[in-house]
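Below are the chains, spelled out letter by letter.
There are 2 protein chains.
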Amino acid sequence: MLDICLLGTAGMMPLPNRALTSLVTRFNGSMIMIDCGEGTQVSLKKKGISSKPIDFILFTHFHADHISGLPGLLLTMGNAERVENVTMVGPKGLQKTVEALRVIAPELPFEIKYIELSENYEELKLGDYRIEAFKVHHNVTCYGYTINIDRSGRFDAERAKAADIPLKFWNRLQKGETIEEDGKTYTPDMVLGPARRGLKVTYCTDTRPCKAIETYAKDADLAILEGMYAEPEKLEKAKQYKHMTFYEAANIAKNACVKEMWLTHYSPSLIHAEQYMDKVKEIFPNAILSKDGREVTLYYDEE
Amino acid sequence: MLDICLLGTAGMMPLPNRALTSLVTRFNGSMIMIDCGEGTQVSLKKKGISSKPIDFILFTHFHADHISGLPGLLLTMGNAERVENVTMVGPKGLQKTVEALRVIAPELPFEIKYIELSENYEELKLGDYRIEAFKVHHNVTCYGYTINIDRSGRFDAERAKAADIPLKFWNRLQKGETIEEDGKTYTPDMVLGPARRGLKVTYCTDTRPCKAIETYAKDADLAILEGMYAEPEKLEKAKQYKHMTFYEAANIAKNACVKEMWLTHYSPSLIHAEQYMDKVKEIFPNAILSKDGREVTLYYDEE
Numbered sequence: 279m280l281d282i283c284l285l286g287t288a289g290m291m292p293l294p295n296r297a298l299t300s301l302v303t304r305f306n307g308s309m310i311m312i313d314c315g316e317g318t319q320v321s322l323k324k325k326g327i328s329s330k331p332i333d334f335i336l337f338t339h340f341h342a343d344h345i346s347g348l349p350g351l352l353l354t355m356g357n358a359e360r361v362e363n364v365t366m367v368g369p370k371g372l373q374k375t376v377e378a379l380r381v382i383a384p385e386l387p388f389e390i391k392y393i394e395l396s397e398n399y400e401e402l403k404l405g406d407y408r409i410e411a412f413k414v415h416h417n418v419t420c421y422g423y424t425i426n427i428d429r430s431g432r433f434d435a436e437r438a439k440a441a442d443i444p445l446k447f448w449n450r451l452q453k454g455e456t457i458e459e460d461g462k463t464y465t466p467d468m469v470l471g472p473a474r475r476g477l478k479v480t481y482c483t484d485t486r487p488c489k490a491i492e493t494y495a496k497d498a499d500l501a502i503l504e505g506m507y508a509e510p511e512k513l514e515k516a517k518q519y520k521h522m523t524f525y526e527a528a529n530i531a532k533n534a535c536v537k538e539m540w541l542t543h544y545s546p547s548l549i550h551a552e553q554y555m556d557k558v559k560e561i562f563p564n565a566i567l568s569k570d571g572r573e574v575t576l577y578y579d580e581e
Numbered sequence: 279m280l281d282i283c284l285l286g287t288a289g290m291m292p293l294p295n296r297a298l299t300s301l302v303t304r305f306n307g308s309m310i311m312i313d314c315g316e317g318t319q320v321s322l323k324k325k326g327i328s329s330k331p332i333d334f335i336l337f338t339h340f341h342a343d344h345i346s347g348l349p350g351l352l353l354t355m356g357n358a359e360r361v362e363n364v365t366m367v368g369p370k371g372l373q374k375t376v377e378a379l380r381v382i383a384p385e386l387p388f389e390i391k392y393i394e395l396s397e398n399y400e401e402l403k404l405g406d407y408r409i410e411a412f413k414v415h416h417n418v419t420c421y422g423y424t425i426n427i428d429r430s431g432r433f434d435a436e437r438a439k440a441a442d443i444p445l446k447f448w449n450r451l452q453k454g455e456t457i458e459e460d461g462k463t464y465t466p467d468m469v470l471g472p473a474r475r476g477l478k479v480t481y482c483t484d485t486r487p488c489k490a491i492e493t494y495a496k497d498a499d500l501a502i503l504e505g506m507y508a509e510p511e512k513l514e515k516a517k518q519y520k521h522m523t524f525y526e527a528a529n530i531a532k533n534a535c536v537k538e539m540w541l542t543h544y545s546p547s548l549i550h551a552e553q554y555m556d557k558v559k560e561i562f563p564n565a566i567l568s569k570d571g572r573e574v575t576l577y578y579d580e581e
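Order-wise, the sequence lines are chains W and S.
Taken in order, the first sequence gives residues 279 to 581; the numbers are from this note's numbering.
Taken in order, the second sequence gives residues 279 to 581; the numbers are from this note's numbering.
Be aware that a few hints might be false.
Claimed, not checked - Partial chain S-side listing against chain W, Cβ under 10 Å, derived: (1) Leu293; (2) Ile345; (3) Gly347; (4) Pro472.
Keep in mind that the hints were calculated from the coordinates and are not lab data.
Glycine included, C-beta positions come from ideal geometry on N, C-alpha and C.
Kindly generate the complete structure, drawing on both the sequences and the hints.
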């Protein structure tokens, strides 16, 4: 199971009752955070989520509302006595930006590893997570992320017996390992059925609509997409500042055939967002107007 | 009148219901902020205080809980279309630290001026404020600040008439100007009585008790002092990390003969602080356990 928590839903600046947009996921005890604006560590505490198991911090881009909370978070993780490496992922310039911010967080009991993205599309294996990073269309380089939990095929004990595979190797083969012993090679495909559907969550803020989002959110369990503006007359503003409206996000969700779509990253000017949801749901019925701290646990399909 | 608002009362890290310690003052439409940790701009919004009129930002020191909210605040001031200079004051290294943090706030519609402190005591004239900065005793260089609003003597119209001072100069002389015309020199002391008592507020966090605090808080209307620990058995910890207990702050308030003392900058571990206040008030009766957003307006003495 994959736990998802959208810590905040604000764009541009934090408000008293709307924290900046940041996502955390937990799978097998390992956490990813995507974006960390000012106050994100407070949002974590409000939800009772420890920052200590955050192994990976992904940044869409380096506008302050997506990274200004990082020094405080790192210090709090340090105070919690984390000693394991933290891996950060983001556009080119990541290390320079983070190291500059660390002027106020110079001493940490853990190391930071950096992965800087430069291609339009990159796939990364981070622990049990398979991450797809794809460039979107903002006024600075900005990436969307798809978090995949892959699921191997069902173990076929009959085939394993028929192929005379020693019992002691079954578990390792099931986990995807290739084993060599006494001149023989045992591969997972000898005992596993076809890969089963895993879990897939796409997160995307600060962009105009673009094909890449539809492509990499295809059939996702959940797409978390920015809806900076809800008022139809703000489309021009959305185009000018390279953001999306609720309706544009809904169209992406529809075209990508995702199961559910959460709106987030609302403009500070947006107050009564509920009144626009009927129109949004006409485009994509499973659209949800996220509130801070919205969470869900995703499970594998039953078969 | 001088408006004072203590935006937050937390030390070390922000908590869901306890924002980081930061002070704002307002006099004649011009604001000072002392310290700006993560979330300070949210604390301002909670109190309905605009960040736009902040002309001066003073830093006690550069630990993250005192400065990490700066990039976000600056961007928000920029979004409010502030164009007037902002003057920052702090220990040596101020400009380097702020410029590093500005990696995520590079473009602002106003200029930043820096005043770096290096002496044990420095006096600065910032607009209508007279600031006394004094070095305190923390594990890095750290300053306390006293904000003074000076008040000139009463205007004596009889003396002005007797000295044959033209009516058109009265107002300028009252404001402290020296005027020369037709070979004659008119000075304020020709028309003003002795300076009257003004207003005085001292702010001091992150320090062991030291003589300087007592000296520069002497007879203040208000002293806002850190009380990192309340539990008497944490005195050793206070000594180790160079902080103060409630009782040490109360003794300073007593020795400095301040009118009122507010405790702030509480450790995240401190929950039921109220239960320690009887003991604190035995030392200094006008001690107040501040809560986030505590405010007061100070007026000149009636005469």
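Now for the hints, and whether the structure bears them out:
1. Leu293: holds (6 Å)
2. Ile345: holds (6 Å)
3. Gly347: OK, holds: Gly347/S within 10 Å of chain W, min 6 Å.
4. Pro472: violated (46 Å)
Of the numbered hints listed earlier, the single one contradicted by the structure is hint 4.
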